[in-house]
Amino acid sequence: MKNLQTTKLKKAIRNQDIEYQRKKFDLEREQGRYVPKISFETDLAARARFFRSDMENFIRIQAPEIIRTVAGDPEKAPELIEFYLEHLEKWLDRYSKPKTWKVPLPA
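Under my numbering, think of the first position of the sequence shown as 1, with each following residue one higher.
If you're looking for bench data, these hints aren't it; they were derived computationally from the structure. Careful, some of the hints might be misleading.
Unchecked claim - Computed list of lysine-lysine pairs in BS3-like fashion (alpha-carbon distance at most 25 Å, straight line):
#: 1; residue 1: K76; residue 2: K37
#: 2; residue 1: K10; residue 2: K24
#: 3; residue 1: K76; residue 2: K90
#: 4; residue 1: K23; residue 2: K8
#: 5; residue 1: K11; residue 2: K23
#: 6; residue 1: K11; residue 2: K24
Given the sequences, and given the hints that come with them, work out the whole structure.
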């Protein structure tokens, strides 16, 4: 009889702990500490498209400057690398800022 009461008490405590964890998670989700996985993945995909678009635009617009920077000279590779790294910081800065996306979801 004592073992049965001990087992019931342990189960009750375990169930209360589970309920506590569930309520704690719900509260943290309401406070914005968790986002649905689909929202996270959608945001990440949108950021990747933004980053790719930004890089493509940079390459297309800056092509003349890139050509002038190296003037066809492989010895100027360090200048070209520096040119890209300067712009990389700007890309990453824009990429990392909070954004509002309008991403069409598949039908």
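I'd like to know which numbered hints this structure contradicts. Please list them from smallest to largest. Hint check: 1 fails alone, others pass.
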